[in-house]
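A.B. asks: The primary structure of each chain is shown beneath.
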Amino acid sequence: MSFDLIETILFALLTIGIVGGAVGVVFLNRITGAALLMAFTFLCNAGMFVLLGAETIAAFQVLIYVGAITVLILYGVMFTPQQERPYGLFFQKQTPWAALFVAPIGIFVALFAFSFRDSENPSTKGGDLVPLATSVFRDFAFPFEVASVLLLAAMIGAIVLVKRDDE
Amino acid sequence: MPLGPFGLDPAIWAVLRLVIAVLLAVGLVFNGALAQIYLERKIQAIIQDRVGPIHTGPWGLLQTLADAVKLLGKEDIRARLTDRWFFLAAPAFVFSPMLASYVVIPFAPGVVGADLNIGLLYLTTLGSMTVLGIVIAGWASNNKYSLIGGLRSAGQLISYEVPQILSLVTVVLVVGSLSLTQIVDSQPGIFINLLVLPLAFVTYFIAGLAETNRNPFDLPEAESELVAGFLTEYSGMRWGLFFVAEYGEVTVVSSIVTTLWFGGWHGPWTDIHPLVGPALGVLWFTLKTYFFVLVFMWIRATLPRFRIDQLMSLCWKFLIPVTLTNLMVTAVLLLAFPDDKLPVAIANWVLLVLFAAAVPYLQRRRLAALRQRLATRRLSLATADRPS
Amino acid sequence: MNIPVGAFIAVSSVLFFIGVAGVLMRRNAVVILMCVELMLNAANLALVAFSRRGGSADERGSVFVVFIFVIAAAEVAVGLAIVLSSYRNRPTVDVDELHAMKG
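Chains as they are written, first to last, in my numbering: chain B, 1 to 167; chain G, 168 to 555; chain U, 556 to 658.
Worth flagging that the hints you see were computed from the coordinates, not collected in a lab. Think of the CB as a built atom: it goes at the ideal place given N, C-alpha and C, for glycine as much as any other residue. Be aware that one or more of the hints could be misleading.
What the hints assert, rightly or not - 25 Å max Cα-Cα, derived DSS-like pairs, lysine-lysine:
#, chain 1, residue 1, chain 2, residue 2
1, G, Lys484, B, Lys163
2, G, Lys209, G, Lys237
3, B, Lys163, G, Lys311
Unchecked claim - Pair by pair, the computed Cβ-Cβ distance ranges are:
#, chain 1, residue 1, chain 2, residue 2, range
4, G, Ala542, U, Val650, 50 to 56 Å
5, B, Ile107, U, His654, 18 to 24 Å
6, B, Ile105, U, Asp613, 24 to 30 Å
7, U, Ser640, B, Ala133, 35 to 41 Å
8, G, Ala281, B, Thr8, 37 to 43 Å
9, B, Ile6, G, Leu183, 48 to 54 Å
10, G, Phe458, B, Thr8, 22 to 28 Å
11, B, Pro104, U, Asn557, 30 to 36 Å
12, B, Ile16, G, Arg472, 31 to 37 Å
13, B, Ile105, U, Lys657, 25 to 31 Å
14, G, Gly403, B, Phe112, 51 to 57 Å
Bound-form chain B, shown alone (with noise of 0.2 Å):
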């Protein structure tokens, strides 16, 4: 068996897992179920990045989406229980209008995305850890540092909206 065989295998089924994984977060029923197939879709999304070549990019997903941002929904879900509704008032009035809108740019990107089917296939090169540092820590610290500040005034604004007013 060689690699070639087994990076398509390894592409289908993550391909399978995130399309699946996606499909059950929008059409499931019961919440829950539906965040850890979020959870799934993310951690299949982690398997294509290594799949690339981007192992660090792909321990940094599984770090923040699949340890702290499915631990913040699943939070939200808890604390916002609803009762069970039928299956018929799940989706909003304006599910016509969604269809008549994705239908032909999804159609237009799909396009877009198989014209790059024939073009040259450059391997993976090396590791991405050192090039990945460098370039966040050199080339582009000062977004860094405003992205550090965006995070602290994101945590305050979550912790000063949920306080309760009688505090």
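Fit chains G and U to the given chain B structure using the hints.
C.D. replies: Positioned in the frame of chain B, the structure of chains G and U alone reads:
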């Protein structure tokens, strides 16, 4: 072609080492859990001036086996309204990241499952996936106490990830690589990194105690609490799986401490012979790791437990400023004196002394403030009009 | 590697459009946040695919992915804070019923 470890052809070794890594991981985890359950009882008994298990087998060695048989034979109680799939899956979410951590730990020169160049990042990533399992376990039990216990435990784990990662980053700054094999290779002896970075060791050890839900941070699963937090509804072997996961996590944290600060597999006579050398390396590594596991158990038998708000304020108001200061000072000194570890060592020891002196100082100030508050309150109560 | 870069872009666009459909179709505000995260993941996949597999070796795609991680985390935190405080006023997260500022 150069020979790999144990004198084998590198192509054969590449396949063999995956097999060895998986066997070592599974063997270490389960046998380690068995050994640690027994050790915990004996050590707690010795510290508490009693004998511990002595009836089952010589010196009570078969006690863990008896426990395992008992757990396997218990009835699988499952409350009716629990979410069935999540209830069954939660122990797996907690156990799998722990098992996957063993693949990057270097047991001997060349005996490592996968020499990832992001080894430490991989370990912290797996540590953060455990939080998801605990939240699901707390929610799926359909029990208010489990839910609150699970959310508290998740909050504790997320909070203590920050000083843990900051301590690890300090070591990575000094060593210059995230790969665990390179961290071990860069230490010429056993105590080098400890002498250079003692404060990072202390803060990582405290954060590791909190990350593995061990005493004094084991409020979610404490034996003297009324309910067992997110573990309340789990009985029999499902509870057993959570506990194997906890002991496995303790071993992983001890292995990281050994690798980063105590030289990993370094020890006398590790390079005399390509067959005996790595085996001795594994032996030294295991001895050092189990020394730290024993320290974990010693702390459990001695210290009282933190309340949840004390635990959180310890993390956010004390450990995070200390680790951030450590990181900044180390980074600045490494930039100012490149390739020289001595200023970093001096600064770290100074910070460690300040850290150790700050604790009684802060406690005295808090006690004085508390006395002041009580005095003013007593005064206001005495002078108020009360129909008594 | 025999997987063309267009395949990754196709997966990324399919994921993106499932996310868009979810945002437009679902009523629960938390599920809408989840679908926004799916869209951000699709963007990350496309960026990393172009940066690691495209014509020239350029690491700036991966750097931008790091910034998207940061922004996604901040957005989920603030979005959930808003949803929770709105839930405190009226106990519903149904976006069809949160129309007090309409008209």
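A.B. asks: None of the hints should be skipped; say for each whether it holds.
C.D. replies: Hint check:
{"no.": "1", "hint": "Lys484/G - Lys163/B", "in the structure": "20 Å, holds"}
{"no.": "2", "hint": "Lys209/G - Lys237/G", "in the structure": "19 Å, holds"}
{"no.": "3", "hint": "Lys163/B - Lys311/G", "in the structure": "22 Å, holds"}
{"no.": "4", "hint": "Ala542/G - Val650/U: 50 to 56 Å", "in the structure": "54 Å, holds"}
{"no.": "5", "hint": "Ile107/B - His654/U: 18 to 24 Å", "in the structure": "33 Å, violated"}
{"no.": "6", "hint": "Ile105/B - Asp613/U: 24 to 30 Å", "in the structure": "27 Å, holds"}
{"no.": "7", "hint": "Ser640/U - Ala133/B: 35 to 41 Å", "in the structure": "39 Å, holds"}
{"no.": "8", "hint": "Ala281/G - Thr8/B: 37 to 43 Å", "in the structure": "22 Å, violated"}
{"no.": "9", "hint": "Ile6/B - Leu183/G: 48 to 54 Å", "in the structure": "20 Å, violated"}
{"no.": "10", "hint": "Phe458/G - Thr8/B: 22 to 28 Å", "in the structure": "48 Å, violated"}
{"no.": "11", "hint": "Pro104/B - Asn557/U: 30 to 36 Å", "in the structure": "32 Å, holds"}
{"no.": "12", "hint": "Ile16/B - Arg472/G: 31 to 37 Å", "in the structure": "47 Å, violated"}
{"no.": "13", "hint": "Ile105/B - Lys657/U: 25 to 31 Å", "in the structure": "27 Å, holds"}
{"no.": "14", "hint": "Gly403/G - Phe112/B: 51 to 57 Å", "in the structure": "55 Å, holds"}
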